[in-house]
Amino acid sequence: MENKTMIKLVIGTEGIFFLALIMAFVYMAFVSGYEPANLHALNIKLTAVFSCTLFASSGTFWMAEKNYNNSNRKGLLTWLCVTMLLGLIFLGGQAHEYIGLINKEITLSSSLFGTSFFTLTGFHGLHVLIGLIVFGILLVLILLGDFDRPGSSVIACAGMYWHFVDIVWLVVFTVVYVLPVIHVLK
Amino acid sequence: MTDNIKIPETKQAIPGLSINNNRGLLQWITTVDHKQIGIMYLVVAVIFFLVGGLFALLMRIQLAIPNNHFLSPETYNQLFTMHGTTMIFFVMMPAIFGFSVYFIPLMIGANEMAFPRLNAFSLWMTFFGGFVLYFSFAAGGAPDAGWFNYAPLNEKNYSSSPGIDYYCMGLFLAGIGSITTAINIIVTVLHYRIQGMSLTKLPLFVWMVFVNAFLILGALPSLNAALAMLLLDRQFDAHFFTAPGGGALLWQHLFWLFGHPEVYILILPAFGIYSEVFQVFSGKRIFGYSFVALSAVAIALLSFGVWMHHMFAVGSGTAVNSFFSASSMLIGIPTGIKIFNWLATMYGGNIRFTVSMMFAIAFLVEFTIGGLTGIAFSIVPLDWQLTDTYYVVAHIHYVFIGGSLFGIFSGLFYWFPKLTGRLLSEKAGKWFFWLFVIGFNGTFFIQHILGILGMPRRVYTYPDLPWYGFFNFISSASAMLMGIAFLLLLWMIHSARKHGTASGSDPWDGFTLEWMAASPPGNQNFDRLPVVHSRRPLWDLKHPDNADDE
Amino acid sequence: MLTLLNICLTRRLLQSMLNPSSEQADRIARLFNYFNVAAGGMVLLVSGLTLYICIRFRSKKTTRHIPEQTKGNNKVEALMITVPGILLAFFFYQTVSVMHSVAPEPDHFPPPDVIITGHQFWWEVRYSAAGVTSANEIHLPAGKRVLLELKSADVIHDWWVPALRNKMDLIPGKINHLWLNINKADTYAGVCSEFCGAQHAWMRMNVMATDSTSYRHWLQEEAATALHPADSLSAKGSVIFAAKTCGGCHNISGTASTGQVGPDLTHFASREKMLGGIMPVTEENIYRWLSHPQEIKPGSKMPNFIFSNDTLKALSHYLGQLK
Ligand code: HEA
Ligand code: HEA
Ligand code: CUA
Ligand SMILES: [Cu+2]
Numbered sequence: 259m260e261n262k263t264m265i266k267l268v269i270g271t272e273g274i275f276f277l278a279l280i281m282a283f284v285y286m287a288f289v290s291g292y293e294p295a296n297l298h299a300l301n302i303k304l305t306a307v308f309s310c311t312l313f314a315s316s317g318t319f320w321m322a323e324k325n326y327n328n329s330n331r332k333g334l335l336t337w338l339c340v341t342m343l344l345g346l347i348f349l350g351g352q353a354h355e356y357i358g359l360i361n362k363e364i365t366l367s368s369s370l371f372g373t374s375f376f377t378l379t380g381f382h383g384l385h386v387l388i389g390l391i392v393f394g395i396l397l398v399l400i401l402l403g404d405f406d407r408p409g410s411s412v413i414a415c416a417g418m419y420w421h422f423v424d425i426v427w428l429v430v431f432t433v434v435y436v437l438p439v440i441h442v443l444k
Numbered sequence: 190m191t192d193n194i195k196i197p198e199t200k201q202a203i204p205g206l207s208i209n210n211n212r213g214l215l216q217w218i219t220t221v222d223h224k225q226i227g228i229m230y231l232v233v234a235v236i237f238f239l240v241g242g243l244f245a246l247l248m249r250i251q252l253a254i255p256n257n258h259f260l261s262p263e264t265y266n267q268l269f270t271m272h273g274t275t276m277i278f279f280v281m282m283p284a285i286f287g288f289s290v291y292f293i294p295l296m297i298g299a300n301e302m303a304f305p306r307l308n309a310f311s312l313w314m315t316f317f318g319g320f321v322l323y324f325s326f327a328a329g330g331a332p333d334a335g336w337f338n339y340a341p342l343n344e345k346n347y348s349s350s351p352g353i354d355y356y357c358m359g360l361f362l363a364g365i366g367s368i369t370t371a372i373n374i375i376v377t378v379l380h381y382r383i384q385g386m387s388l389t390k391l392p393l394f395v396w397m398v399f400v401n402a403f404l405i406l407g408a409l410p411s412l413n414a415a416l417a418m419l420l421l422d423r424q425f426d427a428h429f430f431t432a433p434g435g436g437a438l439l440w441q442h443l444f445w446l447f448g449h450p451e452v453y454i455l456i457l458p459a460f461g462i463y464s465e466v467f468q469v470f471s472g473k474r475i476f477g478y479s480f481v482a483l484s485a486v487a488i489a490l491l492s493f494g495v496w497m498h499h500m501f502a503v504g505s506g507t508a509v510n511s512f513f514s515a516s517s518m519l520i521g522i523p524t525g526i527k528i529f530n531w532l533a534t535m536y537g538g539n540i541r542f543t544v545s546m547m548f549a550i551a552f553l554v555e556f557t558i559g560g561l562t563g564i565a566f567s568i569v570p571l572d573w574q575l576t577d578t579y580y581v582v583a584h585i586h587y588v589f590i591g592g593s594l595f596g597i598f599s600g601l602f603y604w605f606p607k608l609t610g611r612l613l614s615e616k617a618g619k620w621f622f623w624l625f626v627i628g629f630n631g632t633f634f635i636q637h638i639l640g641i642l643g644m645p646r647r648v649y650t651y652p653d654l655p656w657y658g659f660f661n662f663i664s665s666a667s668a669m670l671m672g673i674a675f676l677l678l679l680w681m682i683h684s685a686r687k688h689g690t691a692s693g694s695d696p697w698d699g700f701t702l703e704w705m706a707a708s709p710p711g712n713q714n715f716d717r718l719p720v721v722h723s724r725r726p727l728w729d730l731k732h733p734d735n736a737d738d739e
Numbered sequence: 209m210l211t212l213l214n215i216c217l218t219r220r221l222l223q224s225m226l227n228p229s230s231e232q233a234d235r236i237a238r239l240f241n242y243f244n245v246a247a248g249g250m251v252l253l254v255s256g257l258t259l260y261i262c263i264r265f266r267s268k269k270t271t272r273h274i275p276e277q278t279k280g281n282n283k284v285e286a287l288m289i290t291v292p293g294i295l296l297a298f299f300f301y302q303t304v305s306v307m308h309s310v311a312p313e314p315d316h317f318p319p320p321d322v323i324i325t326g327h328q329f330w331w332e333v334r335y336s337a338a339g340v341t342s343a344n345e346i347h348l349p350a351g352k353r354v355l356l357e358l359k360s361a362d363v364i365h366d367w368w369v370p371a372l373r374n375k376m377d378l379i380p381g382k383i384n385h386l387w388l389n390i391n392k393a394d395t396y397a398g399v400c401s402e403f404c405g406a407q408h409a410w411m412r413m414n415v416m417a418t419d420s421t422s423y424r425h426w427l428q429e430e431a432a433t434a435l436h437p438a439d440s441l442s443a444k445g446s447v448i449f450a451a452k453t454c455g456g457c458h459n460i461s462g463t464a465s466t467g468q469v470g471p472d473l474t475h476f477a478s479r480e481k482m483l484g485g486i487m488p489v490t491e492e493n494i495y496r497w498l499s500h501p502q503e504i505k506p507g508s509k510m511p512n513f514i515f516s517n518d519t520l521k522a523l524s525h526y527l528g529q530l531k
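Chains as they are written, first to last, in my numbering: chain A, 259 to 444; chain B, 190 to 739; chain C, 209 to 531.
Don't take each hint at face value.
[As the list claims (entries may be wrong)] In silico SDA-like cross-links for lysine to any residue, where the CA-CA straight-line distance does not exceed 20 Å:
{"#": "1", "chain 1": "A", "residue 1": "Lys266", "chain 2": "A", "residue 2": "Met418"}
{"#": "2", "chain 1": "C", "residue 1": "Lys268", "chain 2": "B", "residue 2": "Asn539"}
{"#": "3", "chain 1": "B", "residue 1": "Lys390", "chain 2": "C", "residue 2": "Thr278"}
{"#": "4", "chain 1": "C", "residue 1": "Lys283", "chain 2": "B", "residue 2": "Leu532"}
{"#": "5", "chain 1": "A", "residue 1": "Lys303", "chain 2": "A", "residue 2": "Gly351"}
{"#": "6", "chain 1": "C", "residue 1": "Lys279", "chain 2": "B", "residue 2": "Leu532"}
{"#": "7", "chain 1": "A", "residue 1": "Lys303", "chain 2": "A", "residue 2": "Gly350"}
{"#": "8", "chain 1": "C", "residue 1": "Lys382", "chain 2": "B", "residue 2": "Thr431"}
{"#": "9", "chain 1": "C", "residue 1": "Lys521", "chain 2": "C", "residue 2": "Glu503"}
{"#": "10", "chain 1": "A", "residue 1": "Lys266", "chain 2": "B", "residue 2": "Phe403"}
{"#": "11", "chain 1": "B", "residue 1": "Lys619", "chain 2": "C", "residue 2": "Leu259"}
{"#": "12", "chain 1": "C", "residue 1": "Lys392", "chain 2": "C", "residue 2": "Thr421"}
{"#": "13", "chain 1": "B", "residue 1": "Lys616", "chain 2": "C", "residue 2": "Arg266"}
{"#": "14", "chain 1": "C", "residue 1": "Lys481", "chain 2": "B", "residue 2": "Asp653"}
{"#": "15", "chain 1": "A", "residue 1": "Lys303", "chain 2": "A", "residue 2": "Pro438"}
{"#": "16", "chain 1": "C", "residue 1": "Lys382", "chain 2": "B", "residue 2": "Gly506"}
{"#": "17", "chain 1": "B", "residue 1": "Lys687", "chain 2": "B", "residue 2": "Leu677"}
{"#": "18", "chain 1": "B", "residue 1": "Lys619", "chain 2": "B", "residue 2": "Ala674"}
{"#": "19", "chain 1": "C", "residue 1": "Lys531", "chain 2": "C", "residue 2": "Met487"}
{"#": "20", "chain 1": "C", "residue 1": "Lys359", "chain 2": "B", "residue 2": "Pro433"}
{"#": "21", "chain 1": "B", "residue 1": "Lys390", "chain 2": "C", "residue 2": "Lys279"}
{"#": "22", "chain 1": "C", "residue 1": "Lys531", "chain 2": "C", "residue 2": "Ala432"}
{"#": "23", "chain 1": "C", "residue 1": "Lys269", "chain 2": "B", "residue 2": "Asn539"}
{"#": "24", "chain 1": "B", "residue 1": "Lys345", "chain 2": "A", "residue 2": "Leu366"}
{"#": "25", "chain 1": "C", "residue 1": "Lys283", "chain 2": "B", "residue 2": "Ala482"}
{"#": "26", "chain 1": "C", "residue 1": "Lys279", "chain 2": "B", "residue 2": "Asp737"}
{"#": "27", "chain 1": "B", "residue 1": "Lys619", "chain 2": "C", "residue 2": "Arg266"}
{"#": "28", "chain 1": "C", "residue 1": "Lys509", "chain 2": "B", "residue 2": "Asn346"}
{"#": "29", "chain 1": "C", "residue 1": "Lys279", "chain 2": "B", "residue 2": "Ser387"}
{"#": "30", "chain 1": "C", "residue 1": "Lys269", "chain 2": "B", "residue 2": "Glu615"}
{"#": "31", "chain 1": "B", "residue 1": "Lys345", "chain 2": "C", "residue 2": "Gly507"}
{"#": "32", "chain 1": "C", "residue 1": "Lys279", "chain 2": "B", "residue 2": "Thr389"}
Worth flagging that the hints you see were computed from the coordinates, not collected in a lab.
Could you put together the complete structure from these sequences and hints?
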């Protein structure tokens, strides 16, 4: 119980942190007019594919949790590994995107868009990374046999955090990739 | 007599919880005991108060006469920045957390915080945050752009010393510590209350700190985001706050979205302390419990909707200004409810003028003055004249000292016997009270007038205009009284610990559970506890025939 | 009481928001008076109640009775809410109405009469129509409605002349406007009110309000190019000024010096004070300033130079005659 309350509070406060970053992005990218060139620099389709892997990982973690509650250690292990793999693919996609942008000379210091884009997506990526580290620790603990029986709230808590990171990405993706498309089309 | 219940065992195994009589330094550093952590928070607060106060006294010496050359402008600017930052983040926050983590478990009949290790982590984050901030002195210059550190003055082009980088990192660390403490407090209050103590029966101190914790969770992230952005700007040439067309204002929005709730974060726990003190020393229960409790929620909610009242002079248009004017004024109502309910609590009581109670009574008047000058700012045209003058400095100190600090002092005199088993001397305490209160009013009341006469804040010196020198001199001289008073308090604490009168477990005839524990409380806090039926479990025990009815 | 007395005395002596000299400041001052009465009453009420309760209900050592345990009273609570509520409603109404009359918001502003640009730590003043640039002393016509345009060259500054009207920030990347109706010809002290760095304290200014004929006269004089050196010493000074880097930062119209980083010096000697109010413009003071700027105004953006006494004399003599 305590752990779940705690993780809910963490999610609440982190949510506000991201809200501040998203507000900053909107302020910087939209207030003085969105620059269509930025849109062309982004590869929205590819990013959409990588986003799907992240969204899928929420589902796979849900499977992992279900297996845990049914005392199915093997299922737990497999689904956890799949989740981590999907998370890693997402991070790989992000790294790919970053390298592409940097090659186009869009960096943290090159423009307002660069500044706010890299900060927002970077902090999100950091949270994905933290999630993966937590999963890594869980993996070791599972192998050591700490999660053979249901009853611990730790897996559920890690899951809530992971779903939260997913939802944040949904918002970030909408604001950074989808909205400008609508904006520019108009 | 009553249905005594044993307190439940701690739910989690707590490492290192072996308080023996020889508490070595190592034992203090590694402890996860909420009482020791609470005391360490208080010690951190006292040390930083000495430093922050010393800075203030140096500033007052510089300002005592016109055209003074005691401090260089660079030094002065570092001093007022560090003074404000220290007082807010490393005096008031730790003091509040100290009382919170010490007394929440005791007041709700628990034997620990929910997450003891996290509790220790929070303390050390606060401590290291302060350390990093102060390291800037050694690293080439303290931050010098004011506690709210406006952009673009906080950027590399205008502030090339590394001070502001340390400001970012120090406050970020302390901010994480505050967030984890807030989480810990909420979980503790939600899950560790003794049987019978529903949320509507919480002691008001616990209630205020509980509401406050949500305020912290809501406010701190936006500071952390702003600090992260600023650090990216300074270290990696990002362009958040140098951006043409509003970057400078983005900082102000983010900062005050944190900054305004922050000032209420510093007052709500003090309101909690006063609520306990007024009840006990009037011998009555609180008048209008639900009004006092719910008005805190109202203040907390409103506080997120007023941030632009710090920005009335940026030129944002009548509609925006009107909105923030109205929301700021509205806060006067729930605060007024509290003031009048405390007066009503005293009404008809049997008032004992202990030092603790005297600070609470003085608070009523001083805080009303400070609150009303706040209302002056919420009247936009007046703010246009008064903003960034000494009138603001006066407002700050009337609410921070007359509000928060008096609350801390009141709590210190009230709970010191619980912390140490000894009473602070009431006689010396009265000296302390009068010295401090006179010094405080002498220093800051006159600053209202200086502000009206046109003296801006944050000036290292001023020309010899009519009255300026005279008023500033009075202000500076009175500030010294506060310094003397505080040294007296330190001596009192020292001598009380050495040879103060033993207090017993319940020196003030208290109402709440902490007075059932030994002074200082033992390892497990309580030996026995009653089932709670009302908001004042101890009153019920002492007056079974006149027990509270809820 | 004592403080009230002091304020009354001060009204005679010092310009402040209590001694308004423009239509706008006047309305604000009146609102401030209402507020002071209401707030004073509120403080008296709270302190009076506190005192009364403390005396009447103080514990008497002999009889320690147990007071009646009252719980609350909804009628009293309602009173606690409605009375402050009514007061606040009144002041909110006043706020909005004064705001509208002080700062009307037209959709578009006409060309401003004056453009004020904040610099660390001085004020640049530009009269575009007349082609005049000056610093720290702002000449304006009294009895006429004028529009100021406010902006910043570096960090945030804040325009404040207490006797004239409200503050307005000077923000980099943003342009603010301010209307002024000055009632009577006088010199009004003003000061930068947003912390802007090391010398924020010495970023003061004066507004010189004159009737419109003298104002127009002043503009004409200012528009003229700088006086030619009148004697050999100042001629020497003008050569040094051009030879050293001075001209890179300062403008003197009619010469080759066209810098824009520091204050315009074309009619420098016709100003009363220099350096944002630190000292009057005299040859000795110019000499002191040029011999060690960073001691006179530490942190200001003019670097130290190493000059011989003769050079300093020539320079200060030259600048001192730039009427
Ligand atoms: C503990 C801290 C604290 C508290 C409690 C408050 C309380 C309030 N503050 Fe203050 N404030 C600060 C700390 C605090 N403030 C600080 C630190 C700054 C400066 C920051 C900086 O620039 O460095 C500041 C600055 C500040 C400004 C910006 C000034 C400027 O820079 O231009 C404004 C503007 O509206 C404001 C308003 C208010 C209001 C309306 C309240 C209200 O909550 C007050 C409510 C209380 C009362 C009204 C009194 C009791 C009520 C009654 C007795 C009932 C009757 C009352 C009425 C009828 C009104 N404050
Ligand atoms: C909780 C908050 C708090 C507290 C308690 C105080 C306490 C004091 N403050 Fe401060 N103050 C602020 C918060 C606070 N302040 C803030 C937020 C600002 C704005 C900063 C900014 O603009 O950025 C400010 C700004 C500020 C200014 C305006 C500076 C300026 O604008 O130029 C002044 C000037 O008089 C001042 C004075 C004082 C004084 C005299 C005290 C006195 O109460 C202090 C009394 C001191 C003691 C009691 C200490 C005793 C110590 C000794 C006797 C020395 C012994 C030393 C050793 C043993 C090491 N403060
Ligand atoms: Cu310019 Cu302060
Ligand atoms: Cu505020």
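Hints and how they fare:
no.: 1; hint: Lys266(A) - Met418(A); in the structure: holds, 8 Å
no.: 2; hint: Lys268(C) - Asn539(B); in the structure: holds, 8 Å
no.: 3; hint: Lys390(B) - Thr278(C); in the structure: holds, 17 Å
no.: 4; hint: Lys283(C) - Leu532(B); in the structure: holds, 15 Å
no.: 5; hint: Lys303(A) - Gly351(A); in the structure: holds, 12 Å
no.: 6; hint: Lys279(C) - Leu532(B); in the structure: holds, 13 Å
no.: 7; hint: Lys303(A) - Gly350(A); in the structure: holds, 15 Å
no.: 8; hint: Lys382(C) - Thr431(B); in the structure: holds, 12 Å
no.: 9; hint: Lys521(C) - Glu503(C); in the structure: holds, 18 Å
no.: 10; hint: Lys266(A) - Phe403(B); in the structure: holds, 12 Å
no.: 11; hint: Lys619(B) - Leu259(C); in the structure: holds, 18 Å
no.: 12; hint: Lys392(C) - Thr421(C); in the structure: holds, 14 Å
no.: 13; hint: Lys616(B) - Arg266(C); in the structure: holds, 18 Å
no.: 14; hint: Lys481(C) - Asp653(B); in the structure: holds, 15 Å
no.: 15; hint: Lys303(A) - Pro438(A); in the structure: holds, 14 Å
no.: 16; hint: Lys382(C) - Gly506(B); in the structure: holds, 13 Å
no.: 17; hint: Lys687(B) - Leu677(B); in the structure: holds, 15 Å
no.: 18; hint: Lys619(B) - Ala674(B); in the structure: holds, 10 Å
no.: 19; hint: Lys531(C) - Met487(C); in the structure: holds, 17 Å
no.: 20; hint: Lys359(C) - Pro433(B); in the structure: holds, 12 Å
no.: 21; hint: Lys390(B) - Lys279(C); in the structure: holds, 14 Å
no.: 22; hint: Lys531(C) - Ala432(C); in the structure: holds, 11 Å
no.: 23; hint: Lys269(C) - Asn539(B); in the structure: holds, 10 Å
no.: 24; hint: Lys345(B) - Leu366(A); in the structure: holds, 16 Å
no.: 25; hint: Lys283(C) - Ala482(B); in the structure: holds, 18 Å
no.: 26; hint: Lys279(C) - Asp737(B); in the structure: holds, 9 Å
no.: 27; hint: Lys619(B) - Arg266(C); in the structure: holds, 17 Å
no.: 28; hint: Lys509(C) - Asn346(B); in the structure: holds, 13 Å
no.: 29; hint: Lys279(C) - Ser387(B); in the structure: holds, 18 Å
no.: 30; hint: Lys269(C) - Glu615(B); in the structure: holds, 16 Å
no.: 31; hint: Lys345(B) - Gly507(C); in the structure: holds, 16 Å
no.: 32; hint: Lys279(C) - Thr389(B); in the structure: holds, 15 Å
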